[in-house]
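Starting from the known structure of chain A, fit chain B onto it as the hints suggest.
As a plain string of letters, each chain reads:
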Amino acid sequence: MRTVKAPNDMSEILNTLTESIKAGKRKDAKAATEQALSENIDPQQILAALTMGMDDVGRRFKANEIFVPEVLVAARSMKSSMELLEPVLAESGYTPDHTVIIGTVEGDLHDIGKNLVAMMLKGANFSVVDLGTNVGAQAFVEAAQTHKASLIGLSALLTTTMTAMREAVALFREQGLAAKVMIGGAPITEQFAQDIGADGYATDAASSVDLARSLVA
Amino acid sequence: MDNLYLKLASKGHRAPIATDLVLHERPDPEAVLLDGGRLGEVVIETADRFGTPLAIPLMDLRVEKEALLSAMGIAAASIPGYHFEEPPPPIDDVAPTPRMEATCEGIARVADVPALLPMGMCIGPFSLMTKLVSDPITPVYMAGTGATAEEDEDVDTLEKCLQLGLPLILQYIEAQVDAGARAMIVCEPAANMVYFSPNQLAESFGIFDRYVMDGLRQIRDLLARRGVDFILHDCGELTDGMVRRFGELHPAMLSLGSSRVLWEDAALLPKDVVLYGNLPSKRFFAKDLSTAQVEAAACDLLGRMQAADHPFVLGSECDILSVSGSEAEITSKIEAFLHAKNS
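If you read the protein sequences in the order shown, they are chains A and B. Each residue of the first sequence is one higher than the last, beginning at 21 in our numbering. Each residue of the second sequence is one higher than the last, beginning at 95 in our numbering.
So that you can see chain B by itself, here it is in the shape it has in the complex:
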């Protein structure tokens, strides 16, 4: 068995996405983000602390938007809230930002540690698009009813933003692979039931295929050409049809949110797509979710996945963000699931 993820699953491996927690233990986290060497050390320390060979980088899905809009001359202070009100012009070249360069340097640092799998991270094309327009939901729906870019300016803007984002994402993936990434976590959390109406998808998955799957297929193909493992993350609320389509991409690992019933999802997926995650880590900060409850949920999930006979790595549904004042609460829940007994 040379598939690392299957191997980890067969050993009952568990791993959180917890780089942000460790990053915020540093006195100057913002400075670390721009210092590849120190960022790499944070990733290494995270993997070491939680006992995993998976060197999961920081899940910061703002990086690509920053690069794109910087290249278009948008002032840095305006970038977070900036949205295109009309179709954006094409752009020839997007220079890597200091954040991107530091991420790549961090991956190179991780690649020096033989026991770790250096992993890259990027946003999916659909999710990037949703950050570029003020209301992405209505035009997605209208396009699903048949409205074309020629007929509807909002649909045109959305499609131009998709076209704008994909080359940048592919370029960023190449840069991370060049730096040493051997797996790429592609985060597409906006491909979910908020943006795509299940009623519309019940009639046709055409719009989902066009707006989500086409971009992901291009990413998958690039990763395959580069010999890099494709890991797909989507913690949004999904329909069964969405999960099935993600399975058709054949990612090495599929990371899903706590709204899914993983042991039922197992039936929707090829047997060698390792399921990952699912514990409700977005609520780990909350005292009304007790450590005992997390431990019980972990035991239950492990047991049910074993019964479903599907490869599974227990983990967090998403990046576990550091919440000031709640760090100990959060850490206790990570420890609870890392050490929960397999029932």
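Isolated chain A, as found in the complex:
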């Protein structure tokens, strides 16, 4: 017989989970997720606890209270929890509202910024399809169509490769993709984003979450 956890016990487990994510304690996050699942807590509530942890990480990152390594360690904890949670969510028929296709543009092999954005977006409960680095424009188009994406995120680190963004955005427009396009990377400026017809530009990974949320709102 399925027993439902008392609210106080439940909130204690979820709070532990949120705090484990915030502190980047992977083992604790995994243990709290296991406990939450074994106690039959609603998987969407577990997901909300994870998202709350990552939202706090993003807020502190934006405020320069924590830095990239702490974000990555928190995201790694989130990933461990999600590996346990995703099959349960899928079983319950839950899917995130929005899918983002993300990748570093053709000719560019840098991925730290792109990975950070992907992790932050996952933490904000977007479904993220990461195409990796050196991704041609056509591959973004195909992935966006296949996954019915709401957003496409393009990353570039080099001044020499960011020009590939212009070609990619032009192709997306030519193909009539419904997905909004957000771009980012060290050399990118707001002006450049406007010039190439992107829908938005984020200065850092935490801001990319705000941007993504605003673009799909």
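Simulated from the structure, these hints should not be mistaken for lab results. Note that CB positions come from ideal geometry on N, CA and C, so glycine has one too. Please note that the accuracy of each hint is not assured.
Examples of chain B residues toward chain A, derived with CB under 10 Å [said to hold, decoys possible]:
1. 174
2. 239
3. 260
4. 264
5. 290
6. 377
7. 382
8. 385
BS3-like mimics (lysine-lysine), calculated; alpha carbons at most 30 Å apart, straight line [stated by the list, open to error]:
9. A:45 - B:381
10. A:50 - B:381
11. A:82 - A:42
Leaving out everything else, chain B in the frame of chain A:
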């Protein structure tokens, strides 16, 4: 005063790192990279065009990774995106690649020009390691919390990659010095706040000392033994503690990125470490950074460095890459800072 860099600083010298711009004016830049004589000519032309005795070579930080992985039998096409997923085995001998040989031949060509200082270039050991593993940041952080290579395979992989890279870098430096380099620009841009959390460093610089400084000390010592000037370049976002530690290495010149406030950094460094660079050259391609703004920034920086009474050579924060279609825009900004009036 026999220190060239101090002498240049005292004369208000300015110089961009702009070899890539000139290289890409050639119809066949990829071929030039493999032709030492022509590569040397590009370096000479760059120095001549921008009026500097500093024969700065191309800043291409992919060369060492290519050599290392070629020696390990990784297919050329896979090398750029290749990462070790587990600790790599040690390797006895890394043969110089055609790119390395051409670079050395280029230095030898430059050494034939008496008015120029032939300079070599290499990646720093930490930055090379970051190119060899898919996620270097997390294991650096975990090692900073005390995780050891025995306890954590990712830390083990990272440390093995560091051990793998350093001998190759030392070997490449020796080859460039043998070819005639009298100064070596060691590029360690990954030693920055992305890879090292300032929160962690506030508690201890141990992990930075171990992963960054130990390798740089070995390079500095080698250069000192060979009588070659040590120039350290790091355009990443740095903490004051990082800058102070770089100063302790006592490079002849320290090249920093535009995120630093150089006149404040002056207080962190020995008086004879010449500061170099700092103008936001990664954005020179962009029209929303105007030529007038670059000129104003150059004037301001020159004035403030003069007030700080610290030796300084105005320049670019990093290699000024050629961006197709934006060459004139970029060149106008180089000209702007080369000719900006000292306020």
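Consistency of the hints with the structure:
Interface hint at residue 174 (chain B): satisfied, since its Cβ lies 5 Å from the closest Cβ of chain A, which is below the 10 Å cut-off. The beta carbon of residue 239 (chain B) is positioned within 10 Å of a beta carbon in chain A (closest approach about 9 Å), and the interface hint is therefore held. With a cut of 10 Å, the hint placing residue 260 (chain B) at the interface with chain A is violated, because the nearest CB-to-CB distance is about 22 Å. The interface hint given for residue 264 (chain B) is broken, as the beta carbon of that residue sits about 26 Å from the closest beta carbon of chain A, more than 10 Å.
For residue 290 (chain B), the interface hint holds, since its Cβ comes within 10 Å of a Cβ in chain A; the closest pair sits about 7 Å apart. Hint on residue 377 (chain B) holds. Least Cβ distance to chain A is approximately 7 Å, under the 10 Å limit. With a cut of 10 Å, the hint placing residue 382 (chain B) at the interface with chain A holds, because the nearest CB-to-CB distance is about 4 Å. Interface restraint check for residue 385 (chain B): the shortest CB-CB distance to chain A comes to about 15 Å, outside 10 Å, so the restraint is violated.
Note on residue 45 (chain A) and residue 381 (chain B): the hinted pairing is violated, with a Cα-Cα distance of about 45 Å set against a maximum of 30 Å. This hinted pair does not check out: residue 50 (chain A) and residue 381 (chain B) have alpha carbons roughly 49 Å apart, beyond 30 Å. A C-alpha spacing of about 14 Å is found between residue 82 (chain A) and residue 42 (chain A), which places the hinted pair at or below 30 Å, so the restraint holds.
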